[in-house]
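Undergrad: Chain by chain, the residues:
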Amino acid sequence: MNIQFITSIIALVALIFSIVVFASRWQAMQRLPFGKDRSIPKDSAWKGIMYAFTLGMMPWAKESTRIHMLAYLRGIGFHIGIFAGLAALIASPWFENIPFAIRALFAVLTGSGALMGAAGGVMRVAEKNLRGISTRDDHAAVWLVSLWLGAMAFALIAPAFLPAMYVVSAAMLVYAPLGKIRHCIYFYFARLFYGLHIGRRGVASGLIEHSIPSGRRSHAPQFGGVGAASARLEQEAHNG
Amino acid sequence: MSTTITKPDQVLDLKGLLCPMPIVRLSIAVKKAGVGAVLEGIATDPGVMADVPAWARQSGNELVSIKQQGKEYHFLVKKTK
Amino acid sequence: MDNAVTTALAVLEKQLNRPLAAALEVCARCGICAESCHYYVADPKLDHVPAQRAEQLRQVYRRQHDFIGKFFPTWVNAEDLDENKLERLAEIAFSECTLCRRCTFNCPMGVDTPLMMRVIRAMATAAGKAPEILVMLADSAIEKGKDPDMFRAMFKEQIAQMEQELRELTGNPEATIPVEKEGARVLYVALAGAHTILPPAIIFNAVKEDWTLSLYEAANYGVFLGDTARAKAIAGRIIEEAKRLKVEEVVVAECGHACASLVWDAPNWFSETFPFKTRSIVELFAEYIEQGRLHLDPTANPEPITYHDSCNLARTSGIYREPRVILNAVAQNFVEMTPHGLENYCCGGGGGLVALPEYDEKRLRAGKPKADQIKKTGARTVAAACENCRLQLGDLNQYYELSVKVTALADLIVKAMRLPEKIAMSVAAE
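Protein chains in written order, with numbering that gives the first Met the number 0: chain A, 0 to 239; chain B, 0 to 80; chain C, 0 to 429.
Source of the hints: derived by calculation from the structure; they are not laboratory data.
Here the structure is a predicted model, which means the values were calculated and not measured.
There could be a bad hint or two in this list.
For lysine to any residue, the following SDA-like pairs were computed, each having C-alpha atoms within a straight-line distance of at most 25 Å [unchecked claim]:
(1) A:K41 to C:K242
(2) C:K361 to B:R24
(3) C:K155 to C:G144
(4) C:K84 to C:N16
(5) B:K31 to C:E142
(6) B:K70 to C:N16
(7) C:K276 to C:P177
(8) B:K14 to C:K404
Can you make the complete structure from the sequences, with help from the hints?
TA: Quick look at the structure:
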């Protein structure tokens, strides 16, 4: 038995552990009470849910992401890297059958994800508020995932890195459902509840109007603050 | 409610205040006063006609009197505990 | 563990439903919520970052529910709840967050901060750590309902006086303020005092609305306590009255929390879809204007007027279009704040804070972003469709020397109805 086979089995066991614990968390959420909303809706719940998972995630949709555009884009890049890394992990036993161009593309995605993750790790220490709100778990999670993405990028290019990638993957997969990384499944719940709120209560229509970038908007925003004056205020807030 | 004339130890000018501020001010003043103290409140918000008796019952203090005088509402309360 | 702590933890367990668990679990502590909070904008410190505030409850939750929190608490900053921690939680939820929902809208996850703050409030109330004044106001309101006959007689006498005033104001000897009118189309729930009864009465009479005034007031201090039992006791009387009178709709005064709680929360407190519609009077006024039922002259309000969106009306209840329909019809020079609508800053008085004198300084300092917004508009009048907001805006007006007049939308409508001059002045002075 070679080291690559042994480490891949360890990663597989970790993956199964991860899936089982995540599934049990999902089930635990489903067991918690969530009663039928008896209030009479002002608008469609679906409109809100659709917005919450699409337009509402755009970098220009929220004041916070407009102010922290770079940090938000860094986060997006990090998470794109994570999705690419998971796909690559599943495909890893068959890397040698995958054309180099595709592996290189995934190496770029995971590699840049690793760099953006590391940048996030540095920001967590360097930025005063972030340092204040971070737990040890937060620091560990961002560095562990960044390391995993880095290992994946190397493994995609050079098979010699496969055993190392599997070991890091195993550590990340075991830690994911226990520590902060588990927020990934709660994201769907939180966004769903937010979508229900803004949909049923007739808020989503205003937000949709809001989140169409000004260049494509047919008329000035009536019910929000995404105008030039708002951008100025945000710039002031950003400058501190 | 007593009809005898009671001299207040403290007068609270609650004129111009809107609900719930008259009751908030009254409640704070009564808390600071000693047991047995009588406070007079003068308000312009008609809501006090219902709110002050309810406050007195809820807090266990005595409402000595409450009456409307033109556009003003005068009340006397005695701290009992 | 002492009794208060045990009680508070029991409340947390009881209220732990799917939305609460999602809010507690999902925060990635990215920190980009900071500037969305008016406390942080006024005073940028760590304690004012919404994620840090919610983190205080999460620490307790993790100690109870999280594997790592139970066995390696320092790794995830998990903490046992003790009396000091409970008092700090209560201080945060009652005086350092107005439940304005601005951070929720700005969070990439949509973390429901108001939900967590309401749970802390419920924990503190059950454990006897809630501000005494809020408890007193809620209990006084409940007390009023215990002797309805006495209060009914007093209320009707006051309304009779107000009706007389209404007739003098409108010059219409048939103008009425009906009370307990069975089969009326609209049950209007006002606040205590004439200022939320007379202007709407003028408007209802002008459009010939089939309405009746509720015996009860809309304000619900049980909501601020996060105490569903008290909130139900207060709201239940209005719901019972609406059913008894068989009205088509219940219309709530210009009051943010009263509207949001009666429209969106009460049906779930009672596990019942009510046999009537419930909405804000702002929505009804906008409807009258859009139907052309009110004849309004915007030149009656020529000065620059700005509008402060109540968080409970805009972000919580979706009422951001309707106030602008009204303002564009009644004011010649309506200017928006920046930002406004769904992105508007809280005035700093929400969540019952305006009624808590012990937090006056905190509240007024947190209102600075709002004061700055108002100053930048150059407006001389600030309209708001919420009583708590108006009280806070009045205080900000003095504290920051804004020299503005604070008004309700109904007052502006009445002014634009061009009643004789002395009448308009009298209404505005209410």
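Undergrad: Give a verdict on every hint.
TA: Okay, the hints, checked on the actual structure:
1. Annotation: proposed proximity of K41 of chain A to K242 of chain C holds, straight-line Cα distance about 21 Å (limit 25 Å).
2. Taken as a hint, the K361 of chain C and R24 of chain B pair is honoured in the structure, with Cα atoms around 18 Å apart against an allowance of 25 Å.
3. Between K155 of chain C and G144 of chain C the alpha-carbon distance is near 15 Å, which keeps this suggested pair within the 25 Å criterion.
4. Of the pairs offered as hints, the one joining K84 of chain C and N16 of chain C holds, with about 23 Å between alpha carbons and a cut-off of 25 Å not exceeded.
5. This hinted pair checks out: K31 of chain B and E142 of chain C have alpha carbons roughly 23 Å apart, not beyond 25 Å.
6. At most 25 Å may separate the alpha-carbon atoms for a hinted pair to count; K70 of chain B and N16 of chain C exceed this at roughly 50 Å.
7. Taking the CA atoms of K276 of chain C and P177 of chain C, the gap is near 20 Å; set against the 25 Å cutoff, the hint holds.
8. Taking the CA atoms of K14 of chain B and K404 of chain C, the gap is about 18 Å. The hint holds against a cut of 25 Å.
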